[in-house]
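Engineer: Now for the letters of each chain:
2 protein chains.
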Amino acid sequence: MSANTISVFGLGGLNEIGKNMYAIEYNDNIFVIDCGNKFPDENFLGIDLIIPDITYLLENKDKVKALIITHGHEDHIGATPYFLKKLNVPVYATRFTLGLVELKLKEHKILRETELIEVNPDSNLEFDQISVSFFKVSHSIPDCLGIVFKTPEGNIVHTGDFKFDLTPANDRKSDIHKMAEIGKEGVLLLLSESTNAERPGLTPSEQMVGEHVIEAFTKAKGKVIISTFASNIHRVQQIVDAAKRTNRKLVLLGRSMLNVVDVAMQHGYLDVPDGMLIEQDQINEFAPENVTILCTGSQGEPLAALSRLSTGNFRGVEVLPGDTVIFAAGPIPGNEKNVSKIVNNLFSLGAKVVYGSESSKGLHVSGHGYQEDLKLMLTFMQPKYFIPIHGEYRMLHQHCLLAESIGVAKENTFIIDNGDVVDIESTIARQTRKIPAGNTYVDGIGIDDVGEIVLRDRKKLSEDGMLVIVLTMSKTEKKLISAPDTISRGFVYMRESEQLIEDVNNLITRTVMGQQKSNENSWGAIKQDIRKSVGKYIFNQTKKKPMILPIIIEV
Amino acid sequence: MSANTISVFGLGGLNEIGKNMYAIEYNDNIFVIDCGNKFPDENFLGIDLIIPDITYLLENKDKVKALIITHGHEDHIGATPYFLKKLNVPVYATRFTLGLVELKLKEHKILRETELIEVNPDSNLEFDQISVSFFKVSHSIPDCLGIVFKTPEGNIVHTGDFKFDLTPANDRKSDIHKMAEIGKEGVLLLLSESTNAERPGLTPSEQMVGEHVIEAFTKAKGKVIISTFASNIHRVQQIVDAAKRTNRKLVLLGRSMLNVVDVAMQHGYLDVPDGMLIEQDQINEFAPENVTILCTGSQGEPLAALSRLSTGNFRGVEVLPGDTVIFAAGPIPGNEKNVSKIVNNLFSLGAKVVYGSESSKGLHVSGHGYQEDLKLMLTFMQPKYFIPIHGEYRMLHQHCLLAESIGVAKENTFIIDNGDVVDIESTIARQTRKIPAGNTYVDGIGIDDVGEIVLRDRKKLSEDGMLVIVLTMSKTEKKLISAPDTISRGFVYMRESEQLIEDVNNLITRTVMGQQKSNENSWGAIKQDIRKSVGKYIFNQTKKKPMILPIIIEV
Chain A
48 MSANTISVFG LGGLNEIGKN MYAIEYNDNI FVIDCGNKFP DENFLGIDLI IPDITYLLEN
108 KDKVKALIIT HGHEDHIGAT PYFLKKLNVP VYATRFTLGL VELKLKEHKI LRETELIEVN
168 PDSNLEFDQI SVSFFKVSHS IPDCLGIVFK TPEGNIVHTG DFKFDLTPAN DRKSDIHKMA
228 EIGKEGVLLL LSESTNAERP GLTPSEQMVG EHVIEAFTKA KGKVIISTFA SNIHRVQQIV
288 DAAKRTNRKL VLLGRSMLNV VDVAMQHGYL DVPDGMLIEQ DQINEFAPEN VTILCTGSQG
348 EPLAALSRLS TGNFRGVEVL PGDTVIFAAG PIPGNEKNVS KIVNNLFSLG AKVVYGSESS
408 KGLHVSGHGY QEDLKLMLTF MQPKYFIPIH GEYRMLHQHC LLAESIGVAK ENTFIIDNGD
468 VVDIESTIAR QTRKIPAGNT YVDGIGIDDV GEIVLRDRKK LSEDGMLVIV LTMSKTEKKL
528 ISAPDTISRG FVYMRESEQL IEDVNNLITR TVMGQQKSNE NSWGAIKQDI RKSVGKYIFN
588 QTKKKPMILP IIIEV
Chain B
48 MSANTISVFG LGGLNEIGKN MYAIEYNDNI FVIDCGNKFP DENFLGIDLI IPDITYLLEN
108 KDKVKALIIT HGHEDHIGAT PYFLKKLNVP VYATRFTLGL VELKLKEHKI LRETELIEVN
168 PDSNLEFDQI SVSFFKVSHS IPDCLGIVFK TPEGNIVHTG DFKFDLTPAN DRKSDIHKMA
228 EIGKEGVLLL LSESTNAERP GLTPSEQMVG EHVIEAFTKA KGKVIISTFA SNIHRVQQIV
288 DAAKRTNRKL VLLGRSMLNV VDVAMQHGYL DVPDGMLIEQ DQINEFAPEN VTILCTGSQG
348 EPLAALSRLS TGNFRGVEVL PGDTVIFAAG PIPGNEKNVS KIVNNLFSLG AKVVYGSESS
408 KGLHVSGHGY QEDLKLMLTF MQPKYFIPIH GEYRMLHQHC LLAESIGVAK ENTFIIDNGD
468 VVDIESTIAR QTRKIPAGNT YVDGIGIDDV GEIVLRDRKK LSEDGMLVIV LTMSKTEKKL
528 ISAPDTISRG FVYMRESEQL IEDVNNLITR TVMGQQKSNE NSWGAIKQDI RKSVGKYIFN
588 QTKKKPMILP IIIEV
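Chains as they are written, first to last, in the working numbering: chain A, 48 to 602; chain B, 48 to 602.
Don't take every hint at face value.
To give a feel for the contact side, a few chain B residues facing chain A, derived at Cβ under 7 angstroms [unchecked claim]:
1) E383
2) G491
3) G493
4) V517
5) K590
6) K591
7) V602
The hints are simulated quantities; they were obtained by calculation from the structure and are not laboratory data.
Computed from a predicted model, the values in this text were never measured in an experiment.
Note that the Cβ used here is the ideal one computed from N, Cα and C, for glycine as well.
Full structure from sequences and hints, please.
Structural biologist: Written as structure tokens, this is what we have:
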């Protein structure tokens with residue numbers, strides 16, 4: 048790669064939903080955009096979080112000038128504490144985003160040593176050879192940015208997450224005039240988010256949700272319990288407004304709801320009338336029809352407030368017959384089953400439940416632009432090159448088709464994976480090389496102390512459990528001193544499988560004696576032999592494949 | 048419970064989707080309806096199948112007169128081999144259903160000792176005091192039945208799974224005249240399926256799918272690869288018809304597709320033109336535009352044909368740029384992620400993919416009646432009592448509201464759980480008692496050798512792995528002979544955690560020595576102490592909770 052090449056890559060967010068992290072490199076500058084996490088699915092047993100592998104950035108530590116964050120969703124800020132512990136660079140973001148980042152840094156006790164720099168849509172940052180400016184976009188959280196990097200080779204635009212909402216709940220529209228100007232000035236490369244690239248049409252406006260919330264509140268007879276994403280402050284505002292109109296006090300339940308609402312009120316993003324907020328132990332001082340509970344757990348998270356309410360395990364707060372429970376958020380793919388469990392439980396408590404794709408129509412709109420939104424962005428920017436970001440392959444693929452439909456040349460669109468680098472040299476873009484990229488696992492306190500082997504072991508243990516076989520052997524004569532000791536966990540009930548265990552022990556004794564007759568009686572060979580013969584025997588008898596762990600004690 | 052009481056209960060299918068099994072008991076007769084399995088979700092680690100707990104039936108073995116099966120879906124026949132091995136009673140079903148049951152019994156080598164009795168919608172079976180007759184219903188598999196039990200106390204109707212399709216693909220309509228007669232004669236109790244009780248309207252007709260399949264075939268340029276449920280023979284017929292119209296040969300891929308199509312052709316349920324079926328190794332003898340591949344895997348099953356095609360792992364068959372892949376089945380809730388992976392892979396192979404709720408509109412219709420279908424059945428039957436079956440609580444709940452809406456008294460509807468018994472005595476129904484019911488796990492060959500404790504162990508092992516600690520202790524002096532031996536699997540990388548393991552070993556040595564000073568130095572107490580102190584230490588250091596398994600070797 049020669050001088051004056053612009054290199055663009057992602058370390059997360061490509062061919063996946065989550066852990067967004069993109070970067071622009073130009074000579075001695077690297078700008079990192081976003082620093083998100085991803086929540087593990089059932090294939091990542093026991094893992095708490097997945098974050099981007101930043102090996103490349105650590106190898107080029109001195110070049111990294113800034114972490115710029117487009118907005119405060121977890122898939123854009125969730126990895127910040129882990130990132131900043133390894134790479135302490137200044138963080139640029141808007142006020143609300145910084146408020147949420149601060150919560151995380153506080154929790155990880157690194158707030159004081161981090162340099163946080165507030166920007167707004169009008170900010171202009173000058174770095175060596177490159178200037179960075181912003182434009183306002185609408186999304187499902189306040190204070191979102193798109194970013195423009197002006198380089199000597201041309202301008203690069205990163206959209207952040209966005210939709211075009213011409214009547215947003217809070218009156219803060221996307222700045223489409225500025226977008227038009229940016230496009231007119233010329234865009235060499237556009238990186239645009241692809242979440243809803245498969246959905247035709249234009250995203251509905253958030254205002255629609257407000258109308259349906261008020262309708263649901265008006266019909267409700269007892270308490271209203273309503274759940275949504277804590278970070279969707281526009282929606283929270285509409286819920287506050289509905290509570291006000293129907294003369295209800297407001298109780299907040301769930302740690303993230305309390306935290307985020309606190310940040311939003313502090314910085315003036317949320318307007319709650321004086322005296323409306325009450326504590327949960329005051330609920331019984333008011334008639335049910337004068338109470339709204341706003342809580343976390345709309346995605347069915349088993350430990351969140353709504354799940355605990357649905358099973359009667361939230362101390363001091365009860366869901367009673369006649370109460371109305373509203374899901375003001377659709378289930379994210381993968382969460383349907385957990386949401387379903389909660390709905391079943393709420394119905395069995397006698398509550399009226401407003402949920403699901405049929406009945407909640409109007410109680411949720413997406414924060415990500417549909418096809419027409421994406422085409423509008425592409426049309427404003429009219430880029431020479433296009434890289435769809437933030438989505439699975441099928442979304443990136445559809446987004447490229449949209450780009451072609453508005454006139455981007457097919458050969459100028461790049462579907463890339465995490466770690467693929469697009470180099471632009473003398474305004475010619477090519478994707479030829481790769482840098483390291485992948486998943487870093489956070490499990491408990493440890494970062495990266497769990498890897499593929501540990502996960503493979505967990506997977507094996509989870510399927511058929513294990514058998515530990517302890518052999519006490521004489522060091523000098525290399526023979527068994529007593530009968531083998533076999534212990535199983537997660538395999539079968541020991542009590543009901545005594546015969547099997549006895550057969551296994553006999554088999555082991557025979558195996559070890561067979562070994563002693565041959566010449567290769569090293570401990571390793573004995574263990575290997577036991578794993579093989581016991582594994583085969585157990586599979587034939589039970590069709591199960593527990594992990595077999597022979598342990599030899601030398602005496 | 049006195050004589051002449053009709054008792055009705057479910058052993059599976061209530062408050063869940065899957066493992067359907069219902070029963071009617073009257074004096075010395077028990078009739079079992081359906082015998083399904085359920086596929087385990089990620090909470091049932093390593094389990095292959097979940098089947099009903101039939102303890103109650105085994106305790107009343109002599110009363111069980113028949114297993115009557117409404118239709119051949121897995122959630123209605125999947126447990127038959129396991130059931131019949133324990134309770135060998137005659138099985139009554141239609142020809143197609145028996146064909147599918149036979150496949151299972153053959154595999155389990157119990158076909159010869161089972162009495163299979165073919166019935167049709169006009170059959171009438173006479174048992175002691177009770178006669179059993181049937182009525183034809185439409186569903187997404189051929190040859191489906193509803194059942195009428197005529198008892199001296201009144202008639203009980205079980206709908207099976209159904210929808211009303213007035214233009215079915217195969218011209219075999221629900222027999223609504225007979226339903227009307229049954230209702231007119233009087234129904235004491237109706238049990239009706241609830242899968243789509245939440246969806247307003249009437250289910251679309253299967254014919255609509257046919258039209259869209261032909262459209263997709265006509266547009267396709269290369270090979271057509273199409274996937275649907277093997278058992279949906281009506282849809283398979285429409286795919287065959289589309290292949291015929293577009294002059295394509297047909298290749299079947301996937302074991303269940305081959306098996307079910309074979310049964311369907313044998314018994315005259317499927318009409319494939321002579322010479323249309325070719326083997327997979329003949330594909331290359333034809334131009335791509337003359338080939339259709341019909342395969343399993345529409346739900347994203349990782350081992351099914353479509354998944355293997357999407358990753359290039361199906362020997363001898365390739366998906367090439369220009370091929371069209373059609374998902375002629377919507378994803379069942381919970382399968383979205385697996386389907387999504389396959390779609391991503393197929394796009395990256397360059398195929399055109401027709402999938403998902405937006406684009407596949409028209410390429411799938413449900414086999415389960417929506418609200419208007421359910422109301423039509425309720426209206427035909429005009430039952431005195433109503434028990435919604437086959438669904439989660441929220442569906443059962445909605446179905447009761449539908450029953451009320453057509454005039455069933457609210458107090459005459461019963462939402463019951465598996466094991467709850469509704470007793471009807473002198474035409475008065477009450478739900479007061481329970482019998483045993485629950486999940487029986489099939490894991491490998493074993494039935495019920497895995498239970499809650501084994502599953503709990505697997506869960507724990509899957510989350511943070513384990514530490515095995517071997518202590519070699521002197522039998523006489525009860526003291527450590529050598530340093531403890533600690534082995535971890537699925538916890539952390541041993542190599543990178545040497546210090547931690549060393550600290551643990553030191554801690555164990557101290558713990559054991561502390562024990563020896565006290566008087567309670569039984570092996571059990573020592574193990575208990577180690578589990579506690581090591582568990583606490585590790586949690587403080589890592590925030591992980593591996594299973595800790597101390598093993599004491601006495602020498």
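Engineer: If a hint holds in the structure, say so; if it doesn't, say that too.
Structural biologist: Structure-based check of each hint:
no.	hint	verdict
1	E383	5 angstroms, holds
2	G491	3 angstroms, holds
3	G493	6 angstroms, holds
4	V517	6 angstroms, holds
5	K590	3 angstroms, holds
6	K591	4 angstroms, holds
7	V602	5 angstroms, holds
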